[in-house]
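Using the hints provided, position chain P relative to the given structure of chain X.
2 protein chains.
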Amino acid sequence: MNRIVEDMSKNNKYLITGFSGFVSKHFLDYLNKYEPGAAVFGIDICRPSFNLADYRSLSIQFAKIDLLDKEALAKCFAAFQPNYIVHLAAASSVAYSWQEPAISFRNNTNVFLSLLEAIRKSGGDVKVLSVGSSEVYGNVPKKMLPIKEITPLNPLSPYAVARVAQEMISRVYVDNFHLKIVMTRSFNHIGPGQKDIFVISSFAKQMVEAKKKGLNKGQIVTGDVSIIRDFLDVRDVVRAYSSILKRGESGEVYNVCGGQGVVLRDVIEKIADIVGIKVTIKVNKELIRPSDNKIIIGSSNKIKHDLGWKPEISLERSLQDITRYWDENSN
Amino acid sequence: MNRIVEDMSKNNKYLITGFSGFVSKHFLDYLNKYEPGAAVFGIDICRPSFNLADYRSLSIQFAKIDLLDKEALAKCFAAFQPNYIVHLAAASSVAYSWQEPAISFRNNTNVFLSLLEAIRKSGGDVKVLSVGSSEVYGNVPKKMLPIKEITPLNPLSPYAVARVAQEMISRVYVDNFHLKIVMTRSFNHIGPGQKDIFVISSFAKQMVEAKKKGLNKGQIVTGDVSIIRDFLDVRDVVRAYSSILKRGESGEVYNVCGGQGVVLRDVIEKIADIVGIKVTIKVNKELIRPSDNKIIIGSSNKIKHDLGWKPEISLERSLQDITRYWDENSN
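These protein sequence lines are chains X and P, in that order.
Take the position in the first sequence, starting the count at 1, then add 267; the result is the number in the working numbering.
Take the position in the second sequence, starting the count at 1, then add 267; the result is the number in the working numbering.
Calculated directly from the structure, the hints in this document are not laboratory data.
It cannot be assumed that every hint is accurate.
Treat identical chains as interchangeable: a pair holds within one or across any two.
Stated by the list, open to error - Straight line, CA to CA, 25 Å or less: simulated DMTMM-like cross-link-like pairs of lysine to aspartate or glutamate:
1. LYS337 - GLU367
2. LYS447 - ASP392
3. LYS409 - ASP442
So here's chain X without its partners, still in its complex pose (with noise of 0.2 Å):
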């Protein structure tokens, strides 16, 4: 048995960026179920909250890397050499991108570059996984739902600008620098551990706390709750990104997503029920963003004919599992 994983390991090198963060730690999860004895590289500009040493099935490492900084970039791919890459690390909030575009931009752009210059420089043989955003796609209309991947982009905000230059610059290094990489564009995902800054994480925690204090009903204040989304598990996207990565063509690019559209007030209903509280939704027509799409639903057939992904957890496990995280991780 030591001897499969040692052998394995020999092309189970992972160098994942933005190692610190939800989907990352999903990730690891993954491999340590279904790549045992596969070596993870982590960097990230601050330290992970969980504990490297969950992991048993995996060696891991951990460095404190600026993906900006070309020096310590060039140390860490001599000295570990990965087969894959898992481009993680990104600026990822819209907002955000609103209020300092210029930062926004150059830790989402900038910081990929980076990183694709460090590997061009390496001359190392090894696979991107370069993750991006369905924002790129913009307001589409109705009639061109669900969203697929040759449906012409428009990038609308900062953010969108960056993950569109994102996937030009992975073109252009395919094309011309022979760089091996793979692209997702990929939609809103949920799941146990997702900060409460995000939508439907927050919900959770809400009404876990209200619940937690003996309260048998709660307000949620929000905005527009009657847009449709299209949400996928945290487990189902880290699946697909492996899937991606280690089966995906170089040069294209997969919609990550369920390929469902739900109403954002029947997720928030669906989270009462299994908290076992009643809910009354406040609009606050302030949180209401104009230009927000009424409806955004992704295709995932490319992804599905292509490399034979399909989702698996339903979204009432994906909300079990939310509240039972908040449950245990709230007070």
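Using the frame of chain X, we list chain P on its own:
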């Protein structure tokens, strides 16, 4: 007369980035002639080689400022309060962008974003000319020539990606921060004073120098001379820039080109005729870039129709002036 000049100057404050370059010098020539009394604040990372005192009808200041230096930019905006910004600063070499993609990208896109942030934070009422490049079109099939502004963008180099990002950022700032930005996609330009790293300038310089040495024949070593390009004289370019800046619609992009294609071999022969030298063309296959577009011709219909601009300087006159320039400025 003095009074008119003073009145005009109130709305004629130009901030010019990339001030020390070739196009800037010609833009100053234009202002000096057609907008006496205009005030100019030039910024660049290197000092201009031309003499500011030569522009007698303009009031010119220069400051060595890196556009990524937020504080310096903020001070400059507060002190000068420009009405117009002519953004010429760029790392405009495609070849360099292949060598140093990250630096090239930063010196195009990040620099531009930093400029827009300074404008946004200054809150001033200013109109920006965002100079871009025809490189954003990539290789356009022959049947789609001449290239119109609605042609899909297909950036094939890091430089071209940076230029597309610049356009996308401009749109986001126009739509959401209500900045006034007009954009160009500028095709090849030529003219007296252009550095000899550019093909036409280089050929002219070589022939003039050969002639000065008393030679009646010479050899030009070059890449593919059968390529067709749309060359526009820099003096027509700056007149187009002024038209777009003054009367172009915010958020719109305009091709700046002559609309005529000319075979590179014919240009070489025309220069040889002007210089009075017999030239043999030696093709060095290593100088042929395989990805080079065979034919690039832009459509200038939009700028002609919307703004009434049209080119006024013939290729012959342009080549004569370039030749004269090298006659006066070479060994």
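Hint check results:
1. LYS337 - GLU367: Result: close both inside a copy and across copies, 24 Å intra and 13 Å inter.
2. LYS447 - ASP392: Within one copy only: 8 Å inside a chain, 46 Å across chains, cut-off 25 Å.
3. LYS409 - ASP442: between (34 Å within a copy, 22 Å between copies)
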